[in-house]
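A.B. asks: Produce the complete structure using the sequences and hints provided.
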Amino acid sequence: MRNRRARARGPTALLLLLLTLSLAGAAPAVQTGQPAPAVTGARLDGQGQLSLAGLRGKVVYLDFWASWCKPCALSLPTLDGFRKEFGSKDFAVLAVNVDHDPALARAFLSRRPVGYPSLFDPQGELPVRFGVETMPTSFLIDRQGVIRRVHKGFRKEDVPELHTAIQELIRSGR
Amino acid sequence: MAGITRRFRRAALRRRRPAWRGVPRGGALAALTTSSLALPGLAHAGEYGDLGYTAEYKYSKYTEDQVASSRVQSGSNDRYEIDIHQVHLAGPLTERISLDLNVTHESMSGATPFYVVPNQNGGNPLLVMTNATIDEARTAADLKGTLAFDRGSASLNGGVSVENDYLAISGGLGGERSFNEKNTTLSGGAGFSWDRIEPTDAESFGRNSEEQKQQGSLFVSLAQVMGRNAAIQGTLQYQVDHGFLDDPYKRAFVVSTSTPEPDTRPDLRNQFSFLARYRQHIPFLRGTLHADYRFYYDDWHIDAHTFEFAWYQMIWDSFRLIPSVRYYTQSQADFYAPYYANPQGNDLYSSDYRLSPYGSLTWRVKGETRFQIYNLDLLLNIAYERYTSSGNLAIQNVGTANPGLVDFDMFSVGISSRF
Amino acid sequence: MARSMSLALLLAIAALSSGCSVFQVRPWERESLARRDMAWDPDPLQAQVEAHIHFAKEASLAGSGGGGGGCGCN
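Residue numbers (the working numbering), protein chains in the order written: chain A, 1 to 174; chain B, 1 to 419; chain C, 1 to 74.
Just to be clear, a hint being listed does not mean it is correct.
As the list claims (entries may be wrong) - A short list of chain B residues far from chain C (calculated; beta carbon distances all over 10 Å):
(1) A132
(2) A137
(3) P266
(4) I302
(5) A341
(6) R386
What the hints assert, rightly or not - Covered stretches of chain A, as calculated for chain C (at least 3 residues, CB under 8 Å):
(7) 66-76
(8) 94-105
(9) 124-135
Everything labelled a hint here was simulated from the structure, so no lab data went into it.
Where a beta carbon is used, it is the ideal one built from N, C-alpha and C, also for glycine.
C.D. replies: What follows is the structure in structure tokens.
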């Protein structure tokens with residue numbers, strides 16, 4: 001009698017553990033309306049540190065990208081275009097590169113240079129913190145550091161919508 | 001009797017069709033071999049996945065070895081040579097819809113096995129070959145459209161294949177859906193093909209002037225990511241062939257009546273296969289291993305196993321060397337025989353080596369290099385393969401191997417560009 | 001016997017629903033999987049020619065299965 005109960009405890013515990021693990025990966029860490037988690041890191045080009053806090057007061061487009069992700073490559077010129085159009089007083093692009101080997105990211109950028117800096121996060125801590133579900137993922141953050149939009153993936157057809165969203169956030173001046 | 005064989009041989013002089021022809025590349029086949037092509041993000045184009053346009057061309061030259069004269073009773077020793085040209089174009093039509101076009105043109109010449117006769121000297125059976133054809137051609141085209149969703153896609157394809165004596169029209173549909181943050185992918189599809197055969201010189205071969213065949217197929221596949229550097233995929237496939245399944249250009253010799261009977265097969269064939277594929281990247285070696293296994297079974301009682309291994313070795317930053325090896329073994333169809341002692345009660349005859357028991361070994365080596373011209377990202381590849389088949393290579397004991405078993409070389413060169 | 005079998009089944013379901021988390025790869029960790037040499041068919045034209053030859057010379061079915069793996073982008 002006691003043996004049977006003891007034998008059932010092991011597998012049941014394992015079952016509960018697996019169920020917990022299965023739920024753990026499912027919930028996104030951030031949603032619109034929430035303040036953006038902290039972002040700090042070293043720049044890919046070696047020119048010091050970057051942080052989200054340092055950009056408070058500007059509308060920030062936070063973009064997670066990697067050299068191996070083709071839609072990310074397509075988005076880079078578009079984001080650089082936004083940077084040029086909206087100016088550095090009101091707007092900034094903060095890119096987070098998640099390449100396992102930062103050298104690949106630097107090589108990629110040397111072939112397709114952009115005017116905004118990337119910080120590198122090869123350990124992938126920031127994507128976990130932000131609940132990234134696909135590559136690329138970007139977050140539109142207002143001047144108060146609150147997430148206003150989560151953009152999963154990148155397609156050319158999304159560009160006008162993004163453009164309008166950024167414009168509105170800049171104009172609202174809050 | 002001699003008169004009959006003479007008549008057949010005269011007819012065979014004029015035209016030849018190998019067991020090569022009439023393979024539709026649309027329908028089930030296209031859904032299966034090209035389903036990964038148009039999907040966004042899948043690594044078929046460029047070093048990493050690509051959302052742009054693709055244009056590719058490949059030329060392959062297939063040359064069968066000559067048959068040893070000692071194995072041939074009559075007809076030409078020269079076997080088949082085929083030049084194959086393939087063009088593939090792909091690109092997005094809208095943000096979510098992409099198109100894939102495949103066009104193939106093949107030209108062939110040579111002789112093929114007609115039937116098999118016993119050896120009067122008591123050795124291995126001998127081949128009666130056709131005489132060599134001058135030149136025949138096949139052209140095929142297949143178009144596929146894919147609609148991409150958030151975590152999956154759906155596709156539709158249609159194709160046609162044309163030769164002087166063969167027309168095949170095919171179509172198919174497929175879809176896939178990913179789960180578990182795209183670590184697990186379920187895909188499936190269905191296809192059909194309708195073929196019309198108008199054998200050349202049908203009357204002199206004692207054949208109908210027109211025959212038809214229909215084909216239907218289904219597949220279901222599950223793929224699972226196994227960590228950052230590995231993935232595995234299992235596929236179950238079913239295909240049914242119905243209609244005229246004989247080879248109108250082949251005979252099977254019956255000793256007691258000294259008659260080469262027309263190749264006659266059942267008009268139904270149910271086929272099943274299970275394919276397992278494994279991919280393992282080994283970062284510190286800068287290489288990737290491919291390991292595939294396929295099991296096949298049909299209701300003609302052929303069962304077959306295929307093992308294929310390839311190693312993709314990165315050299316410097318823009319070259320790849322890819323050696324590979326493939327082993328294949330099959331058992332025979334239950335109505336097959338190299339020749340028959342007496343007429344068959346079920347009226348089924350075939351001496352086609354494709355239905356005989358044998359094994360084959362292929363070794364291949366391929367080299368690839370990437371380079372850039374202006375904005376174009378180009379990939380050039382060159383490959384050579386050597387295929388040998390024999391009764392000895394089969395897993396089971398083979399009593400009498402078909403003398404028509406073939407060995408061949410294939411050389412191919414291709415260029416691929418993304419923009 | 002029945003109890004251990006149903007436990008085993010529950011474990012299997014739990015394992016599958018957790019996505020076999022031992023093997024689960026996060027979307028930003030798909031670098032190696034996105035490589036061309038990790039594709040099921042890195043050279044689809046070659047795969048087509050091979051399938052065609054094997055179909056014509058051998059008894060087996062052609063066809064090579066569906067998708068999965070890869071970069072998982074968008």
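A.B. asks: Each hint: holds or not?
C.D. replies: Hints and how they fare:
1. A132: 18 Å, holds
2. A137: 15 Å, holds
3. P266: About 14 Å separates P266 of chain B from the closest Cβ of chain C, which puts it past 10 Å; holds.
4. I302: 5 Å, violated
5. A341: 24 Å, holds
6. R386: 13 Å, holds
7. 66-76: This one holds; 6 residues, not fewer than the three required, reach chain C with a Cβ under 8 Å.
8. 94-105: holds (count 3)
9. 124-135: holds (count 7)
This entry does not satisfy hint 4, going by the numbered hints stated previously; all others are met.
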